[in-house]
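*Asks:* Make the full structure from the sequences, and use the hints.
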Amino acid sequence: MSMNFKEFIETDREKYSTQKFEGSFLDYLDIVKENPEVVKLAHKRIYDMIVSKGVEELKADENPKIRKIYGNDLIRKYGFFKDDFYGIDKVIMKLVSYFKSAAMKGEESRQVLYLVGPVGAGKSSIVESLKSALEECESVYSLKGCPMHEEPLHLLPKHLRPKFQEMLGVQIEGDLCPICKYKLTHELNGVYEDFPVERTEFSIRSRKGVGVVPPVDPNNQDTS
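Heads up, the sequence shown is in the working numbering, so the first residue is 275 and it goes up one at a time.
Relax, there's no trap hidden among the hints.
Derived DEER-like restraints, expressed as beta-carbon distance ranges: (1) Met378 / Thr459: 29 to 37 Å; (2) Asp357 / Gly297: 37 to 45 Å; (3) Glu308 / Glu381: 27 to 35 Å; (4) Ser375 / Glu331: 12 to 20 Å; (5) Glu308 / Gly485: 24 to 32 Å; (6) Lys379 / Glu336: 31 to 39 Å; (7) Arg435 / Ser375: 22 to 30 Å; (8) Gln385 / Val465: 31 to 39 Å; (9) Arg384 / Leu462: 31 to 39 Å; (10) Glu402 / Glu330: 18 to 26 Å; (11) Gly361 / Arg479: 25 to 33 Å; (12) Val386 / Ile343: 27 to 35 Å; (13) Lys280 / Leu300: 36 to 44 Å.
Calculated lysine-lysine pairs in the DSSO-like style (CA-CA distance at most 27 Å, straight line): (14) Lys437 / Lys379; (15) Lys457 / Lys294; (16) Lys314 / Lys368; (17) Lys318 / Lys294; (18) Lys356 / Lys374; (19) Lys368 / Lys397; (20) Lys339 / Lys327; (21) Lys364 / Lys379; (22) Lys307 / Lys318; (23) Lys342 / Lys368; (24) Lys339 / Lys356; (25) Lys432 / Lys307; (26) Lys294 / Lys280; (27) Lys457 / Lys432; (28) Lys374 / Lys405; (29) Lys314 / Lys455.
Simulated from the structure, these hints should not be mistaken for lab results. By construction, the Cβ of each residue, glycine as well, lies at the ideal position given by its N, Cα and C atoms.
*Replies:* Laid out in structure tokens, this is it:
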């Protein structure tokens, strides 16, 4: 079958061009009002990403084989992990429980998730699966030119945030990075509603939304 390379490339370019967005902060507020789901904190985004693949509950009282393996514990198997991880269901349940509690603004939202275990336990593989899945997530909105690709709602002054949270139905956390604060003050004269907003993708290679810090301590790099 012959392939028209030019047509293939142009079709792909057109597909991604329709997903692009560039507008003002006011335009972004209209988008959030119409669909508050575009505003998600990190824990919530990852938790939704995991459970979107489905969850299966294994009940010991209904399956003797399950009872023999897990005792009387209730086991949840997550479709997100089913093809790549075996025999660590309880570990994965703890992992998902952390993201669920953090997504609900529990104590875990102020803690750092730290994976510890022997070589070959699956620590790096779990992290890699989450990182790769983020690249396939729906694109997010960020302040144009921001090196941190931060949430545009950071533009809102603190005294107005409670009212905007009520109107938009979202939570607003975080402050402007120094670069965006400088741009707002010196280039836009404080008119934050004119600050440009763009749509961007998660990218491991470009360090967009995903950062990697390899272990440097030879005493613990095999266990954490």
